[in-house]
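K.L.:
Residue-level listing of the chains:
Number of protein chains: 2
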Amino acid sequence: MTSLATDETHAASPRPVDFRVRPGAYRHWRMEIQPPIATLIMDVDERSGLAPGYELKLNSYDLGVDIELYDAVQRLRFEHPEVRAVVITSGKDRTFCAGANIRMLATSSHGWKVNFCKFTNETRTAIEDATANSGQAWIAALNGTASGGGYELALACEHIMLVDDRSSAVSLPELPLLGVLPGTGGLTRLIDKRRVRRDLADYFTTRPEGVVATKAVAWRLVDEAVARPQWADTVAKRAAEFAARSPRPAGTQGIELTPLAKTRTDTTISYGHVDAVLDRDRGCAEITVRGPDDPPPAGFDEVHRQGAAFWSLAVARELDDLILDLRTNEVEVGTWLLRTAGDPGRILAYDALLLDNRSDWLANEIVLYLKRTLKRLDLTSRSLIALIEPGSCFAGSLLELGLAADRSYQLDGVFEDGDPAAEPPSVTVGPMNLGPLPMSNDLTRLQTRFFGDPAALSAVEDRAGEPLPAEDAVGLGLVTFAPDDIDWADEIRIAVEERASFSPDALSGLEANFRFPGPETTETKIFGRLACWQNWIFNRPNAAGPNGALRRFGTGQRAVFDRERV
Amino acid sequence: MTSLATDETHAASPRPVDFRVRPGAYRHWRMEIQPPIATLIMDVDERSGLAPGYELKLNSYDLGVDIELYDAVQRLRFEHPEVRAVVITSGKDRTFCAGANIRMLATSSHGWKVNFCKFTNETRTAIEDATANSGQAWIAALNGTASGGGYELALACEHIMLVDDRSSAVSLPELPLLGVLPGTGGLTRLIDKRRVRRDLADYFTTRPEGVVATKAVAWRLVDEAVARPQWADTVAKRAAEFAARSPRPAGTQGIELTPLAKTRTDTTISYGHVDAVLDRDRGCAEITVRGPDDPPPAGFDEVHRQGAAFWSLAVARELDDLILDLRTNEVEVGTWLLRTAGDPGRILAYDALLLDNRSDWLANEIVLYLKRTLKRLDLTSRSLIALIEPGSCFAGSLLELGLAADRSYQLDGVFEDGDPAAEPPSVTVGPMNLGPLPMSNDLTRLQTRFFGDPAALSAVEDRAGEPLPAEDAVGLGLVTFAPDDIDWADEIRIAVEERASFSPDALSGLEANFRFPGPETTETKIFGRLACWQNWIFNRPNAAGPNGALRRFGTGQRAVFDRERV
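First to last, the protein sequences are chains U and G.
Those letters in the first sequence? Residues 11 to 576, per our numbering, in order.
Those letters in the second sequence? Residues 11 to 576, per our numbering, in order.
To be clear, the hints were calculated from the coordinates, so they are not data collected in a lab.
You may find that some hints are simply not true.
What the hints assert, rightly or not - Heads up, simulated EDC-like pairs for lysine to aspartate or glutamate below, C-alpha to C-alpha not over 16 Å straight-line:
#, chain 1, residue 1, chain 2, residue 2
1, U, 203, U, 138
2, G, 203, U, 463
3, G, 225, G, 175
4, U, 272, U, 285
5, U, 203, G, 463
Isolated chain U (complex conformation) (with noise of 0.2 Å):
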């Protein structure tokens, strides 16, 4: 259940956000499963917005909606792996989705709105994810209109099926309407990823009414137009025939994701194997990730009797909920210290079953989380800051924590007036570190850092599996600095204070840039370029000025814009 509003003052921001859901609380959604067949069914609860102010008409969404979906989504991969295709369609007569609620956006502060699109583009690569990895094909049934965000969404299924009933269309409504962009990877996906002509995506784009099933169909918006009549059996076949290419193995249980374990007070949010301590005076969260406590188990027929309490994934949703809650409610603390705790050759071990399983389907899903989790991190708008010191395990799966970080420090040696008997510090390369978990670029986190750089990574990855002191590892790049006891906590307090005193703006920018050298995909496009624009955009009068055009929606009277070209 997503909290109510809590600030009236900003009525369309309520926090604290909380991102746990079940399916049995969904206000908006509905599934039905039919092995191989799911079926998600979006009905939204006009009364239900996350906030007042707004009414959800016309199954537009706000942040509650998609918490929604991203919750379908994950469930769907773990609760049901017999589901091998998965149909998106709505609940209402005649729409399929009429994207984000404009009201909310227009009352919204430009944090919330960015937050909020960052969350909504995450949830649609995710659906991409299941349809290429997890061999759930997403297909979009548009029994109805789908405008603007609803036809985004749309464009992040696998196939697109629209009902032509010559008033059924599909349309990018945003630019002259709204005065701002297809921004959750529409524009993006138009070209790059359903290779619509640039021309075509441009009078598409403009056309407040969209294109009906023909024009549609040639213009590759959709891959099929379907009459009414033969709408419900035509999208029961296709499903079928995605079901049948599915190379997921027949005769699989699910497990449950259990309700997620959480407690938080202003300054602290823990879980079973994750701890954040929030220092709003310095701006930062010191978060602490933990180790399993005991050895992998001896088979993977274990793994599915621990479920969601096994290690890896416990971890993965535990991280995956503490950056969701910190981005969306701790606007404020602008950077993250990441550290670790607990035996590294532990996490090699948890690392190994998982890759040893591979084929087994959870195996798969729990990697898949992980990779999704780190990607999160690396699209987080906060300064990442790794700390390695004594008793921590920055090994393989949680190696990925210090490569992401923007910085990492890695202690030379022991504190001495602390624990003078423990070990150095070491960081640790594993399988895990060398493809099963590569970023939004398509590249692992090493292949990154040592972009165009091979032999340096060649280096790297001849030390695999051997803990690296300071030394070694300063030597090989995988770390920025190694301070000895004495300087230790001068330049970590220095880093983290010189950090707060930047501008929160030009860090993010810096940060976004920094994070993705080297090539771009579909998604670093839509996050980085697409995004970035919209940004822009939402920040400039024309569109969220009290005359601009996201403003002045439905208001009957016509946005003023400063003719200006920038």
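Position chain G against the provided structure of chain U, taking the given hints into account.
P.N.:
Leaving out everything else, chain G in the frame of chain U:
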């Protein structure tokens, strides 16, 4: 000569700006030619800023300084083919260049800042183009500190030398001092071109004092550090080495880039082959590019004799100047209608003469200049609509105008009330469309247009050389729409009116996304990702607000930041 300010209320945004300069009148640069080396000495005249209100101290620059630099880059290529290496250095004591003038930035409008940065970025990519494709390698000889845009200018060079005197440093202090990004390619070139590790880049860009010689070499920020006593000799030696590697033929003689004849009234801009009529009410410029009056010369020697009067070169210069003029001085003219007039066969003949003589340095330079000018068009934040009418010559190099457009209309037939006996218009694909004029993404405009659709691209290539009437051109996907005489005027009128009614900001974002499907390069990342983040930051109160870092710099007061992370 650049104009002085004409608008006292907007001190740092003088208009109209004239981009036509000549070395004899440079105020900020000296060019010394000792073949095969040219030395370009930056020696900015503090009191010759383009507008009142700021002093160009410490070799800081404004648009006027950069206009001269751009002119120098162009003249070195055309007037000095004997030059095989260009050394860029400073005429000041112990300062190379302090980057863009902060006071100028702080007092400029948002649009001015964005346009200024775009132009400076284009000049830096022109420097890289000279190094890569003209056999003129640029060497940055940093005889003093290079900070901010000063270091970014060095990053555009092939080789960076820094004097090792314990005080001269390279730095990117924009983030800590100004709350903005090193947005003139700095962030991207660090990690993508020079392959500085991302965490070292993070540290470097948060350190206002920068990094001096030895560490700068170790971190790949510069290529070599040279003690002051060896400085002059080492720079000369390195320049000679680069010159020796240049493929430029010896014994060549340049052509003069004669003053560009231009007539400008309030509503017209006219050159020899290019005209623009400004219609401020409709928010559009009607641009016509005319083909050559005569057939091409029989041999390429005659092209050398014609020099700047040779049609292809003349048109490139005129179009280049027009784009810069309209971008800078006509910011409310949001739509450019692109027409051509002339004999299509003659365009193809001029193209063929250039391509058949590509081994001639001048032919090569003209093709490269066409390439850069068309790239500038792609990067222009104006709606581009091509109108293909009877009497037009959208063939080969001029067809690129149609392919650069966001949308194109080709008349199906003729204007019955105008000239019923005219030939219906055609478009013709030629060799210039198939490789020599790539976009910033390293694809041709045809490859970009048919990205991911090789069959469509082949179908077009198969018809190369054939004048294609509207029906064929639409069928092949070369143009967007083919209205007939009855619909033409209304369709164009509606398209132009519609464009003028949309949010200018949303249009800029839309077009910038649609024009670049497919792969990204360092160049597209600079213009599409880095510049876009910078635009967003420029628009935020943390930078440009009254208490923002950009405005408070140098006042002794600290910036006040909204600490929310977006």
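K.L.:
State the violated hints by number, sorted upward, taking the hints as numbered earlier in the document.
P.N.:
none
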